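**Q** Residue strings, one per chain:
2 protein chains.
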Amino acid sequence: MKTYLDCIPCFIRQTLDAVRVVTDEFAVQETMLRDVLRLTSEMDLSQSPPRIGQLIHRRLRELTGNKDPYAEVKKRFNTMALEMLPELRSRIKAAEDPFTAAVRLAITGNIIDFGPKSNVTEKDALDAIETALSDPLYGDAAAFREMVENASSILYIGDNAGEIMFDRLLIEQLPLKRVTFAVRGAPVINDAVYEDAEQAGLTHLVDVIDSGSDAPGTLLEDCSEEFIRNFRAADIIIAKGQGNFETLSESDGNMVFLFKAKCPVIASHAGTKLGAQVLWHKK
Amino acid sequence: MKTYLDCIPCFIRQTLDAVRVVTDEFAVQETMLRDVLRLTSEMDLSQSPPRIGQLIHRRLRELTGNKDPYAEVKKRFNTMALEMLPELRSRIKAAEDPFTAAVRLAITGNIIDFGPKSNVTEKDALDAIETALSDPLYGDAAAFREMVENASSILYIGDNAGEIMFDRLLIEQLPLKRVTFAVRGAPVINDAVYEDAEQAGLTHLVDVIDSGSDAPGTLLEDCSEEFIRNFRAADIIIAKGQGNFETLSESDGNMVFLFKAKCPVIASHAGTKLGAQVLWHKK
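Chains as they are written, first to last, in the working numbering: chain A, 34 to 316; chain B, 34 to 316.
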């Protein structure tokens with residue numbers, strides 16, 4: 034997906050939100066904002082929004098000297114989500130259609146995203162879970178289930194820390210031996226990296242690889258050979274979150290995108306409503 | 034008032050909104066946005082927000098070749114407000130305290146502002162009027178009345194077209210012979226210029242001058258000698274709207290600012306709540 038003009042004011046606001054999460058120093062906040070204004074004034078709009086997100090967050094880490102500014106946030110949401118696992122598992126077990134319930138909860142976990150909104154709270158996540166099983170799901174969960182049952186290899190590309198506990202619930206419904214889970218190659222925003230997959234217990238459950246990239250999405254030209262090999266070989270790719278949708282929605286491959294449509298541009302690109310739970314199949 | 038970091042994402046969003054009001058051409062929208070990103074990346078934050086507003090809207094007029102992009106919007110809101118005058122006048126007459134009612138309505142007129150929000154509708158204005166007389170007023174209207182009664186000269190600095198019909202209602206409560214009304218020196222956003230004062234019938238009622246400047250506020254260093262003479266000589270200056278508040282709140286003079294606090298930065302600077310009707314006296 035290209036970058037729309039509407040994305041630009043949002044980048045600037047996100048930059049200010051993000052630098053304030055990391056530092057109280059006004060001079061650093063000002064420099065960061067000026068740098069991103071200059072960067073976006075020259076940006077290539079044919080690139081997808083996570084490309085500029087990657088550049089913004091590289092600059093943030095460089096300016097603040099903090100290699101993982103969201104480390105604390107990631108731990109907090111991993112712990113919160115981990116504590117919720119038994120309760121969520123019993124909800125899935127009690128559901129009429131456990132697979133679809135797991136899909137819905139995996140999508141709901143996508144609320145834990147500090148890209149668009151820097152002040153996601155535990156309450157936001159809990160509120161989202163309460164409506165996840167009753168809110169409409171935009172997409173065909175039955176067809177999705179059939180696809181995964183018949184797939185000989187599944188690449189599941191995760192999105193955020195905390196959220197990956199919810200992904201685990203869906204992964205538990207998949208043929209485990211045929212699943213590879215992918216995280217980002219380096220810290221960016223609150224996106225999940227290898228340590229988060231370990232904390233989620235995913236490394237004991239399935240093969241875990243990383244993208245080799247610090248983009249908050251999957252910029253294929255930026256990914257490692259190992260990742261690309263897995264990507265090309267997979268029968269089906271399950272891609273979580275807006276960042277993966279923005280970067281992969283026009284790439285080749287049998288892909289199912291699972292995400293909450295948290296911004297009007299993406300909702301419109303996906304043909305759904307703002308806030309929708311989306312299962313978007315692209316052949 | 035200086036420019037806060039929070040103002041910057043807002044400038045970028047306002048730029049996109051404004052250029053879309055003026056043209057559907059994507060290339061012009063993109064150029065405009067890139068120019069303002071570059072401009073703000075280098076801006077002097079010690080200047081007040083209307084200074085960057087002035088530069089943004091100069092560039093908008095230059096790029097689109099349209100000297101008065103909001104001409105249509107201004108006419109529309111002038112006409113709407115003009116049609117409402119008899120009804121509003123009878124509300125003021127029926128009020129227990131007609132002066133305070135006129136103050137409240139003058140503040141309410143400040144909703145007709147295409148600076149912060151490009152999609153103000155007639156319905157927004159009508160809804161605002163419905164609550165204007167009952168919503169709390171932050172400030173001392175009685176003290177304000179005493180001041181204007183004792184003033185030998187009053188400079189009333191207007192803000193937007195449409196809104197100046199509401200200003201007329203308050204001006205009708207003032208000692209007319211001692212009032213000078215000021216408009217902007219040239220079109221900028223939907224700010225009132227001389228023609229709007231004529232359409233509001235103000236030129237028949239009081240002396241009308243202009244600021245000599247195309248800033249959406251009152252940048253004294255940018256104003257004409259005539260304006261400055263009037264500004265310095267006035268016993269009391271009534272300054273309408275956020276733009277005048279932002280540019281004059283730290284200047285010398287006995288000033289009363291009347292405005293709706295439409296943005297969190299200004300509400301915080303004025304020590305009021307977002308959306309408040311503010312009468313702010315600065316000696």
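Don't read these hints as lab results, they were simulated from the structure. Heads up, some of the hints might be wrong.
One copy or two, it doesn't matter: identical chains are merged, so the pair holds either way.
In silico SDA-like cross-links for lysine to any residue, where the CA-CA straight-line distance does not exceed 20 Å [said to hold, decoys possible]:
1. K315 <-> A175
2. K35 <-> R67
3. K35 <-> L66
4. K150 <-> R46
Fair warning: this is a prediction, and the values are worked out from it, not measured in the lab.
**Q** Taking the hints in turn, state whether each one holds.
**A** Results of checking the hints against the structure:
With identical chains, the CA atoms of K315 and A175 are at most 20 Å apart within one copy only, with a shortest distance of 15 Å there and 67 Å across copies. In this assembly of identical chains, K35 and R67 lie within 20 Å of each other by CA distance solely across copies; the values are 16 Å between and 23 Å within a copy. Taking the shortest Cα distances, K35 and L66 sit within 20 Å of each other only across copies (16 Å), while inside one copy they are farther apart (23 Å). Taking the shortest Cα distances, K150 and R46 sit within 20 Å of each other both inside one copy (9 Å) and across copies (17 Å).
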